[in-house]
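Spelled out from the first residue to the last, the chains are:
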Amino acid sequence: MADGISLLRSPLILGNKTAAQVTEDVCTPLDRGPGIAWWFAIAVSLSMFTLGVLAVIYQLFTGIGTWGLNNTVGWAFDITNFVFWIGIGHAGTLISAILFLFRQRWRTSVNRSAEAMTIFAVICAGIFPIIHMGRPWLAFWVIPYPNFRGPLWINFRSPLVWDMFAIGTYFTISLVFWYVGLIPDFATLRDRAVSKVKKTLYGFFSFGWDGSTKTWQRYETVYLLLAGLATPLVVSVHTIVSWDFATSVIPGWHTTIFPPYFVAGAVFSGFAMVLTLMIIARSVLHFEEYITLHHIESMSKIIIATGGIVAMAYMTELFVSFYSGNEYERFAFVNRMLGPYAWAYWIMVSCNVVTPQFLWFRKIRRNVALVFILSILINVGMWFERFVIITISLTRDYLPASWDNYAPTLVELATLIGSFGLFFTLFLILARFLPMIAIGEVKGVLSYGRKGIHVAGEEAGGTKSIKTPVQLGSGVQGGTP
Amino acid sequence: MSKRLFVAYFEQEEDILGVTRAAREQGYEIRDVYTPYAVHGLDKAMGLRKSRLPWICLGFALLGATAKLWFQIWTSAFDWPVNVGGKPLASIPAFVPVTFEITVLFAGLGTVAAFLLISRLRPGKKPLMSFNRVTNDRHALVLVENDASFDPLQAAELCDQYHCVEVEERLEEES
Amino acid sequence: MSHATTERHAEKSRLMSDFHLNTAESSADHDTVASSFDRREFLRLAGFTFAGVALTGCEQARVEKAIPYLIKPEEITPGKAYWYASTCAGCNAGCGILVKNRDGRPIKIEGNPDHPISCGGLCAIGQAQLLGLYDSQRLANPMINGAPTDWQTLDQKLMDRLKEIRTGNKAVRLLSGSLTSPTALALVKRFLASFKDGKHVIYDPVSRSGILEAHERTHGIRVLPRYRFERADVIVGVEADFLGTWISPVEFTAAYRSGRTLEGDPPQCSYHVQIESRLSLTGGRADKRYAISPSDRVSLLKGLLSLLEGKTTRAKPGESSHMLFLNELADRLRSARGESLVVCGSNDVASQMLTNAINEVLGNYGKTLDVQSPSYQHQSNDKALEDLLADLRGEKIGALFIHGVNPVYDLPGGKEIGELLAGVPLVVSFAERIDETAHRAAFVCPEPHPLSSWSDTEAVAGVVSLTQPTIAPLENTRALTESLSAWLGKPSSVLGLIREEWRTTVFSRQTMEKNFQSFWNQSVHDGFAVVAARQHRKGAFDSRSARNVVSTAAQGERFELVLYPKVSMGDGRHAHNAWLQEVPDPITKVTWDNYAIISDVAANNLRLASGDIIRLTVADADPAVTLEVPVWIQPGQPDSVVSVALGYGRKGTERFAKIGPQWLEGKPSVGPDGLVGVNAAPALQLLDGQLLYERQGVRIEKTGRQQALACTQTYQSIDTPPLLAQGTEARRPLIRYATLAAYAANPSAGSGPEHKSQSMWPEQHEYKGARWGMIVDLNACTGCAACVVSCQAENNIPVVGKDEVLRNRELHWIRIDRYFVDHDGDLDVAHQPMMCQHCDNAPCETVCPVLATVHSEEGLNQQVYNRCVGTRYCANNCPYKIRRFNWFDYAHDDAKQNMVLNPDVTVRSRGIMEKCSLCVQRILEQKIEAKKNGKAVADGAIKTACQQSCPAQAIVFGDMNDPASLVKKKMADRRSFNILAELETRPSVGYMTMVRNRSEQTGETSHG
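Protein chains in written order, with the working numbering: chain A, 1 to 481; chain B, 482 to 656; chain C, 657 to 1664.
Note that these hints are calculated values from the structure, not bench results. Every value quoted in this text rests on a predicted model; they were computed, and no experiment measured them. Be aware that one or more of the hints could be misleading.
Listed below are the simulated DSS-like cross-link pairs for lysine-lysine, each with C-alpha atoms no more than 27 Å apart in a straight line [claimed, not checked]: (1) B:K525 to A:K198; (2) B:K531 to A:K198; (3) C:K1591 to C:K1624; (4) B:K606 to A:K199; (5) A:K196 to B:K607.
Produce the entire structure from the sequences given, and follow the hints as far as they go.
Spelled out as structure tokens, the structure:
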């Protein structure tokens, strides 16, 4: 089929799919009943989730004391997990928004699930700031609502309030963005659905989409605008998260390079997570022709780039701490490298700085198994980065008399596991009921990397000899009025 | 009074583009073109105006920004002034992040709301016109048989040149 | 006619039909009808129901008499605090206290500023007496053979038994701790006199008998001198922890501090040398600390004595550092004849005699130590105790009355003593609870808590204090004096007895008041009276006795064991007091346990780490005594010495097993044997008339078991770890100190460079009215932890238990940071009380999302409990780490104990942040007071809890906007500095540089 392939650009979607085939490939998994693999997966993730729920319930009834925190270390696992999950979320928005603006058309086959990942990650993240409160049942007090207590408003100078608004906005916009993307696909599902229930359900969610070009045109505009909004938003979110620390006075927290550092880290970890999920998804749902090695490679490249930035940030941090001449600052960083938690620091460095370097090699980039392992290592490393920044800085700050160590309790570990359980549970459920690939968008890029092709709908697969209207001549095909 | 519509189905992007352009040149009234995905250039081929949604977006953005900034200054400097960490009552720099977030939120939601409104999309709505496989792999060109001068055969002729796979006539459903 | 009939018929039928209609209707929908006509019915039923409900309610509700406060006693205003002058009974020192009463219950104890002994200070133990009052485990009734009874029956039975004893002429002994109450002493004498062979035997678990014995031999007079540290320029403490636990710490701390005020030119500052075998609180303060092992003490004292007598020639430069030290010390002492004071803390008579000789040679008697009008704080006589034990063994004792001591627990061979008690026909105990000894006694006659009964005290000759009840006794108890008078056949109220005693013996010793009643009233009001001291005639100094003291020698390889009282636990009589159990030891910072202190060298040799449980075997004891205690590695400890605190392992401390939060990973506060700590008393030695606290030839073995020790400080040194100090200043400028020489040259030596404060934003918030501030003089602070407990009592701070302390979640609002400072080989200890610094630019305020911590117009950093949602961001962002979080709901279910709560302070709930409020409730109290009198709050009118109880008066609080205020003056002093001022937090709490009396010209701080 070499003749069908452009010499300049390799096609994004392999196997010379027709639009009809795309519809079939993406939608049939939803018709089929769940396989044994799915049941196994959901069983595991649900039990993880349940464990977490039990832990949280116990903690809510007993007190934050059931966590390993103390007078010196007020935040550890809770906020570490929060920042970690928020970071994960960023890749989704990046793929759907920033790559869209950069016209990276390969994004189309991964953006749907990446966006879903964003939303689920933000849900996981959002749980922690709430349950980490001493009195979570009063969490709504951080919302400025009219009241008769003064009137008593909130402190808009507090980074936690910024967080609240940032996460809220981020979640809403991501959700909207994701749903807008889904509308045409719902229409597709609606029109091919056979069972009455599915038809009405999908019909309900498809908002009465009929594929009119007028709507398509506005749709494209909205999509562009949302992308344009989401891009600065995603940057702002992790910037603000980083300000939780950057605006404080604690050595190791009070660092001006945090915003870019955190954003890069977020994208870094996010793409690692996307890879992890995509590699699973493509093999389980047989999307190898949609999520191709090309995709994996491109994402690996992004990981190299962002990983580079992260490594740079680590070095800058060290340099600045020494160059600043601030003894507390210096100590904080020496303590990271050689103190009681040095092991955490070195795990972080080896996972986040060393691991990505392997991806320089094309062979490794195209070796799915290896990339999978590396992506998981990077996720581990990024979790530890947050732990190092948040916890180690707290354990030893200004007054040596108030130094103290931190160790997580079983409850905390269970909560962390639970958050992963929630994440995968949501993802698995999604895989059952919604198209994991943006059908409409993929159809748009089918022709990419191929010469103008003409394939009769019924004859799938290989390209036939290409006809032109001239050769065809007259003669009415199909029904006449 | 319902109108008669002439519907022709195509399978290739370039065909629908071509036929639309041709139909427009030959003075047919194009009701709309229905496609499974956003076919680029089709809007130009139909001669549609650029959308005005960006202006709506801008409007909402400005609204969000001003409202939130005002709210923060009002609550912390006027309605309930209190000394927090020795900082000024109206600590403008500290108010920037939230202002930005609200700006984005307003802009985003406003735009989407406007889009749904203009395109008359809403949960549970039935599509006005449904064409076979148009959300799957077919493109449908819909012409209006506005007067006697409209000749279906002629139209079919035109369509055939662009590998039309099916042609049909139907009455426009009143919405 | 027919017409009429028809009419009638019609009429009838109509009626009928109506009737039918009605019946039909009524039968048809009878309930609508019912509901329509039965309003009355409803009311009737309703009435019944209500009655029913009410009745059942009555059945269930416990009947309680609520008495409206219609006619209130005129001297009581609800919600207003009343103060009663009294005397502390925490130990024998007899400090004056003021008891704060709210609505009829004591809620706070404070030092009495006018009291000649304590001068306003009060130690941790004194502060904690309040909790003891509300201890729900005190005996509620007198007991006979373990069964509760009433006093009549008890008196009946007891007097019958006494009759038998009188007729049988059996020996009667009253065994007690030092009794400082003249009334009690008189009654005891009278009571014992009523028997043919009645003797009063006195011993103290922490005995000072050696001092009295030594004076009997050297000065022919058995007294405990009154030590006058304020008059001494050179102070030499030998094993005497006089600022922490020795005789009268509060009095001595005040005196010591008054000798080191750094006022005048040259700045006045005494020179203090401490020679000791364990690092004590006093040693940590010393200008020169010299570590010895107990076996070297006698020879050292002899060496010093002979140097002072000029018998030995001065050391040559080449001589041992030991001799050089002695020479220097001798010179210092010689230069301060009559103005020096050498005190020895050991109970070993030999050492005490040498000490007396030294003081005699220096001519200190009558100047810095007074035997004419001595102290009665200790009257123990270990020889008498020894005799008593002999008599017990010989079963010569007919009746034994035990008061205020717990021989089965606090004496060596306690087990044996317990068995001996079983052999005594009549044992009567006056214990407040069934302790180790009391449960061997047939009769237990509990005494009321000192805060709820009358008593009197003559702790030092000429100062008689009164103890007055501040609440009706909470249990059915009776004072010793009352019981004795009852058994003497002329029962009388304790008040009557005291008044009688005072009328006869005290009133006559004063000249101020002419009539007794007014003298009495004045005394009750003041809480004390200063009267003429009974003069004791001191014999001529007998130098021989001291001369022929033989010095002991250490026994080779083995360890020497030193048993000592801990600052917070003393002799262990307050082991039931949770506040005291949770006070961090001023030196080790360990709570909730006692432990074997060894040096790091010894630890390395034995491969021991802190927390390893070791077995101490006292070989030369017979039978051999073993203790199993966890190890604590302590800088400043001589390598050959292991020290263990007394006062732990008390029966009844099982009660603390469940103190603090109970949860998944929570652990009990008690040790493996179910008690808090281990009783070290069995290792004591009662040898020829001396109760000895030092043992030779002690073996240490590793048991392989561990026991975590709850230390509140994970890092001990002021220098950051060498490995991590790379490229940074090892010593952070947190505690600043200078030598006296450096200070004399430059008053701001050590307090570092002035921090030039500049602001990023316009200063919008100026403090127009008052602006509260505090300053802590590190030169005065001894780290005695009195402030910690005082704060705990004032601010309703719960006890969290050992496990929570292990997790570093103690709730004390004041944390006394203790740093070890390596001063070229010698070890210095620096204490720094850390409470909320009330920063003007408070980092905690900015980050709180819900405005739960904000700044007041008077410069206070306020924590709004009911607004706090508990994000803990403020605590993270506090550079001083003084914020405390309520990790759990801390128990408040002991109703009796809850009476200790201060009604002016919120009891915090779970999940919220709390911290020092600078006692805002006290500020408001005084502001209201001032407002009522229409004038401004006078400087010094407001005293925070910590400030009030500080024996060294190291803490000063006041209005920084008032140029005349003391705090303002101190802030202006060149010794004052702020911690981490470079962070621009602008704290309202300042500190003052610590100055040590040394000659080298250094201000020892990284910025000095």
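Here's how the hints hold up against the structure:
1. B:K525 to A:K198: It is violated: about 36 Å lies between the C-alpha atoms, which goes past 27 Å.
2. B:K531 to A:K198: violated, 36 Å
3. C:K1591 to C:K1624: Measuring from Cα to Cα gives roughly 20 Å; hence the hint holds.
4. B:K606 to A:K199: holds, 12 Å
5. A:K196 to B:K607: holds, 14 Å
When each numbered hint is compared with the structure, violations occur for hints 1 and 2.
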